[in-house]
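K.L.:
Generate coordinates for the entire structure from the input sequences, incorporating the hints supplied.
If you read the protein sequences in the order shown, they are chains A and B.
Take the first sequence: its letter number 246 is residue 246 in full-length UniProt numbering, and every next letter is one higher.
Take the second sequence: its letter number 304 is residue 304 in full-length UniProt numbering, and every next letter is one higher.
Heads up, some of the hints might be wrong.
The list treats identical chains as interchangeable, and a pair is accepted whether it falls inside one copy or across any two copies.
Pairs of lysine-lysine residues, derived as DSSO-like cross-links and limited to a Cα-Cα distance of at most 30 Å, are as follows [to be verified]:
1. Lys-281 <-> Lys-329
2. Lys-329 <-> Lys-505
3. Lys-223 <-> Lys-317
4. Lys-178 <-> Lys-317
5. Lys-505 <-> Lys-317
6. Lys-329 <-> Lys-178
7. Lys-456 <-> Lys-473
8. Lys-223 <-> Lys-329
9. Lys-505 <-> Lys-223
10. Lys-251 <-> Lys-188
11. Lys-251 <-> Lys-317
12. Lys-539 <-> Lys-490
13. Lys-378 <-> Lys-456
14. Lys-317 <-> Lys-9
15. Lys-486 <-> Lys-456
These aren't lab readings, by the way, just hints derived from the structure by calculation.
Residues per chain, in single letters:
2 protein chains.
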Amino acid sequence: MPSYTAPTKDLQYVLHDVLRVSQSDVPGYAELEPDFTSAVLEEAGKLTSEVIAPLNAVGDAEGCTLENGVVRVPTGFQDAFDQVREGGWTGLDMPEEYGGQNMPYVLGTAVGEMFSAANQAFTMYQGLTHGAASAILTHGSDQQKDTFLPKMVSCQWTGTMNLTEPHCGTDLGLMRTKAEPQDDGSYKLSGQKIFISSGEHEMAENIIHLVLAKIPGGPEGIKGVSLFIVPKFLVKEDGGLGDRNGVTCGKLEEKMGIHGNSTCVMDYDGATGYLLGEEHKGMRAMFTMMNEARIGVGMQGLAQADVAYQNALAYAKDRLQGRDVTGVKNPDGPADPLIVHPDVRRMLMDQKSFVEGARAFILWGASLIDKAHRAEDKDADGLISLMTPVIKGFLTDEGFDMTIQAQQVFGGHGYIEESGMSQFARDARIAMIYEGANGVQALDLVGRKLAQDGGKHVMAYFEMVKNFCTENKDVEGMADFVEPLKKASKDLQAAGMYFMQNGMKNPNAALAGSSDFMHLFGHVCLGLMWGMMARASLKALEDDPSDAAFHEAKLATGRYYMTRRLPATAMHLARIESGADPVMALDAEAF
Amino acid sequence: MPSYTAPTKDLQYVLHDVLRVSQSDVPGYAELEPDFTSAVLEEAGKLTSEVIAPLNAVGDAEGCTLENGVVRVPTGFQDAFDQVREGGWTGLDMPEEYGGQNMPYVLGTAVGEMFSAANQAFTMYQGLTHGAASAILTHGSDQQKDTFLPKMVSCQWTGTMNLTEPHCGTDLGLMRTKAEPQDDGSYKLSGQKIFISSGEHEMAENIIHLVLAKIPGGPEGIKGVSLFIVPKFLVKEDGGLGDRNGVTCGKLEEKMGIHGNSTCVMDYDGATGYLLGEEHKGMRAMFTMMNEARIGVGMQGLAQADVAYQNALAYAKDRLQGRDVTGVKNPDGPADPLIVHPDVRRMLMDQKSFVEGARAFILWGASLIDKAHRAEDKDADGLISLMTPVIKGFLTDEGFDMTIQAQQVFGGHGYIEESGMSQFARDARIAMIYEGANGVQALDLVGRKLAQDGGKHVMAYFEMVKNFCTENKDVEGMADFVEPLKKASKDLQAAGMYFMQNGMKNPNAALAGSSDFMHLFGHVCLGLMWGMMARASLKALEDDPSDAAFHEAKLATGRYYMTRRLPATAMHLARIESGADPVMALDAEAF
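P.N.:
So this is what it looks like as structure tokens:
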């Protein structure tokens with residue numbers, strides 16, 4: 001039976017030693033004092049490790065069931081969901097006027113990591129609600145906000161995102177779901193949506209579906225797509241629940257993982273919907289949800305890697321097998337623990353250096369979102385827009401690889417469902433796919449984000465890395481971080497240069513290297529995070545040696561990342577610079 | 001519903017254009033004429049794609065069940081197993097005197113790939129029998145051979161390997177299963193074995209368990225382990241079946257994949273066993289099975305990658321989504337097929353260049369085994385001994401990554417069990433673990449095989465690569481292959497040099513890089529294979545242009561491997577040369 005320990009200490013370290021949030025002038029950050037965030041994180045840690053994590057295996061084994069249109073969630077989910085609601089966790093970073101606590105996004109993200117790590121399938125019920133509520137908050141009319149947000153912020157009602165249809169996923173221009181305008185200003189929606197997470201269940205009184213559909217007579221393709229609010233139960237003027245709307249769950253999908261979440265085929269049969277935002281501008285409104293969701297999915301990559309790592313580490317310390325070749329470490333036992341073996345350590349260090357680096361990366365990204373929204377910082381907005389596909393794509397690809405490595409530490413026992421390691425891997429797998437498959441993230445990064453605002457944001461990123469290196473190059477102990485980071489950043493710039501010089505003539509020259517570029521970028525980002533953490537830990541060691549073991553471990557883990565993981569940038573650059581020809585040489589028929 | 005097409009043409013290409021088997025003077029190879037091997041491969045292809053592959057999803061969905069000690073296999077398995085037996089496929093490369101067909105191992109391997117690709121879980125029933133029969137063939141007495149081999153070669157009786165116990169996997173010295181000598185020369189075995197593939201079922205009349213156990217009073221640890229033959233039903237002197245032996249299946253494991261194979265906890269309760277080989281020399285006898293099994297498992301990595309690739313390719317050609325950025329390719333359709341997109345092609349080319357390279361590698365390895373056994377070539381024996389961990393570890397790690405990529409091509413549909421892509425990934429996952437987890441393979445490679453016979457075999461390998469490069473450097477069209485191969489081989493030699501210079505002082509300096517070394521070696525091996533294939537295809541294009549499209553595609557695929565995959569060697573070298581310090585810096589308590 002796997003366990004989960006909330007990484008409250010490490011989260012506190014990133015928030016305070018590295019990001020120094022309470023010293024920031026971003027509105028709302030002043031109250032993020034260490035004692036306050038510690039209290040929040042400890043409370044969330046207790047709930048996630050004691051209540052939610054134990055339901056993870058239950059959710060996997062039982063899954064959801066559909067009978068006569070009713071979806072049953074696994075045993076214990078309803079109780080746990082009630083506890084989450086009662087604790088006010090669902091509206092942590094939502095506006096107070098709708099019942100939220102108006103905390104910064106960075107704190108919501110720190111808490112969110114724990115929820116995802118403890119039970120990804122369970123946490124999706126509230127996660128999608130949060131995304132849907134954000135879209136209503138940004139694009140809804142006052143009446144829509146007043147009607148839906150208080151209930152969604154508290155998760156009394158949950159939310160969903162309805163994009164995909166059987167014949168179209170990424171290419172939403174092919175969409176067939178129709179929304180016929182009615183005399184009263186509402187619409188009647190008809191069509192089928194698939195892969196709808198949390199699409200149907202009875203843990204909430206109502207479910208608010210956000211649905212993309214086409215209004216007949218509108219523009220062709222993606223430009224004719226609008227976004228609608230379609231409640232499971234119609235809402236009366238007094239806010240009470242009215243009739244059942246014409247939307248039903250036709251089928252539950254059998255999936256590789258996240259069995260505890262109901263992945264539904266949703267059938268819309270003349271369902272009443274309300275336009276959210278402007279006609280034919282549905283994609284813009286949807287992207288409010290998508291961008292938030294993408295960062296949340298990147299976080300899932302980190303979260304599954306962390307819980308898998310925690311269990312692999314415990315196993316490696318406990319399981320006795322073989323002897324340390326440099327000398328027996330456990331003379332009283334029949335063998336030494338796995339952790340003495342260099343290749344086991346390599347796997348653990350890969351995981352540890354990824355998890356801690358990714359945690360800093362996500363929280364740094366969340367702080368950019370706060371800057372963008374709370375301080376209306378346009379540069380921060382541009383930078384997080386650039387980073388979003390890297391956070392989603394890189395952290396979920398690597399996060400999955402790390403769950404696989406954690407499973408590998410268990411040997412044959414990792415392949416048996418009982419150990420729980422298989423579930424971590426199977427659950428982590430979806431994060432590479434949903435909210436835009438990682439190839440689509442890479443395309444977004446290289447095809448759109450790099451050149452956004454004239455390439456201003458990527459230049460700002462390079463400048464930031466350069467400044468970090470300049471500021472720290474003579475700081476004692478920082479050479480181990482500055483030199484590799486410089487080299488990796490040079491690889492990244494060379495890749496960007498290659499795209500600029502070749503992508504105009506032949507877009508495929510850039511696109512053939514898009515996935516490698518996303519990974520190259522991700523490594524540089526984690527390299528920078530390790531540089532920042534090294535700086536913070538060196539300073540902490542100077543200021544107060546009482547927690548030296550923690551900071552020494554940070555430095556050692558960071559040096560591991562710089563020497564063993566960062567050299568991947570050169571490989572990605574070599575692939576990128578080989579251009580489109582090797583990738584595109586074969587005609588489709590010649591495969 | 002996924003499908004499988006046997007790669008008979010590509011197998012023929014490797015056997016005849018690349019390895020030129022029928023021109024070899026290895027005994028038995030003269031009869032491997034193209035027409036003959038074609039007939040065998042076509043027949044096996046029909047059976048695997050039409051009968052065995054359709055049962056793959058059935059096996060996954062139904063799994064095996066245990067009731068009152070009886071294991072039921074999935075629907076259709078018994079019929080298919082009968083067809084496999086009746087076709088004589090189980091004894092293809094076994095001696096004629098025991099009912100086999102005495103074909104070279106290389107042909108058995110070509111056929112074996114198809115079986116594994118079509119249905120890995122199903123094929124394990126005969127695969128483990130083959131391994132057990134090989135051990136009896138090599139180490140058994142004449143009486144043992146006469147008693148067991150005819151039935152095992154035909155799979156009238158199946159076989160198993162019993163190594164692992166709950167507290168010991170890799171470290172078999174910790175074993176507790178006991179074998180008490182009896183007056184009649186037999187032994188009574190007591191203990192528990194776990195993870196026993198095909199451990200119990202009713203598809204065969206009898207099951208012959210090969211079991212490692214300790215004879216009381218023997219040497220401590222691994223030196224006191226002996227191997228025993230323990231039949232499910234005792235065999236009477238007339239060869240008929242006698243009493244049920246004291247061995248039962250106590251539990252079936254719930255696993256991530258290979259559900260169609262019964263993975264059993266086997267309880268030995270005073271079961272009658274017969275010593276196979278010498279007392280306390282059980283590991284030697286077991287390694288006869290293990291080495292064969294390891295190559296077979298490497299093949300599984302390739303096989304799952306191939307079937308997953310085939311389905312990804314079909315999907316990429318069929319699924320319409322988005323438009324080619326360089327110009328519409330399917331103007332009459334609502335969108336272009338996925339395969340127009342560079343990042344989709346990257347994934348497909350990764351898979352294709354791996355699968356075809358790995359196929360050549362495996363068959364080349366099998367031809368070394370034939371040279372070693374049939375021509376008693378000691379150098380070939382040393383070389384395949386060196387290659388075995390590379391074949392097992394590299395091909396299963398990469399093979400799994402490729403099934404994950406194939407699944408990725410399907411987007412959300414790949415995560416739904418219905419598409420079958422999840423099963424390929426879940427089944428492929430075990431190959432990285434069983435028959436020695438890949439970390440153990442890397443340890444075997446770096447800790448034992450490199451230095452075997454004074455390092456003679458690795459030097460011979462370097463010499464072979466060097467000769468290939470020298471012979472082909474001026475051949476038109478070969479520069480694209482020779483130059484990258486030279487560079488990669490230099491990285492491999494530098495890594496070997498690093499180990500020599502540092503491993504003596506500190507074994508961890510070598511072991512910390514063992515997994516990277518295995519991957520570096522694997523890439524060089526596939527690079528060499530692509531060099532050999534390029535040479536063969538260039539020659540074929542000269543000799544007979546009638547099949548130009550096939551050979552041009554080979555060359556393009558090979559160039560992809562050389563430019564996009566081989567640059568990984570530099571990254572592995574950089575990691576290796578960073579030594580033990582980053583890996584071993586943290587005390588176990590500091591994690």
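K.L.:
With reference to the structure, classify each hint as holding or not holding.
P.N.:
Hint-by-hint comparison with the structure:
no.	hint	verdict
1	Lys-281 <-> Lys-329	between (65 Å within a copy, 28 Å between copies)
2	Lys-329 <-> Lys-505	between (61 Å within a copy, 19 Å between copies)
3	Lys-223 <-> Lys-317	between (56 Å within a copy, 26 Å between copies)
4	Lys-178 <-> Lys-317	between (57 Å within a copy, 28 Å between copies)
5	Lys-505 <-> Lys-317	between (55 Å within a copy, 26 Å between copies)
6	Lys-329 <-> Lys-178	between (68 Å within a copy, 28 Å between copies)
7	Lys-456 <-> Lys-473	within (25 Å within a copy, 47 Å between copies)
8	Lys-223 <-> Lys-329	between (66 Å within a copy, 22 Å between copies)
9	Lys-505 <-> Lys-223	within (27 Å within a copy, 67 Å between copies)
10	Lys-251 <-> Lys-188	within (22 Å within a copy, 55 Å between copies)
11	Lys-251 <-> Lys-317	between (44 Å within a copy, 27 Å between copies)
12	Lys-539 <-> Lys-490	within (27 Å within a copy, 42 Å between copies)
13	Lys-378 <-> Lys-456	within (11 Å within a copy, 64 Å between copies)
14	Lys-317 <-> Lys-9	within (21 Å within a copy, 50 Å between copies)
15	Lys-486 <-> Lys-456	within (20 Å within a copy, 41 Å between copies)
Checked against the numbered hints given earlier, the structure satisfies every one of them.
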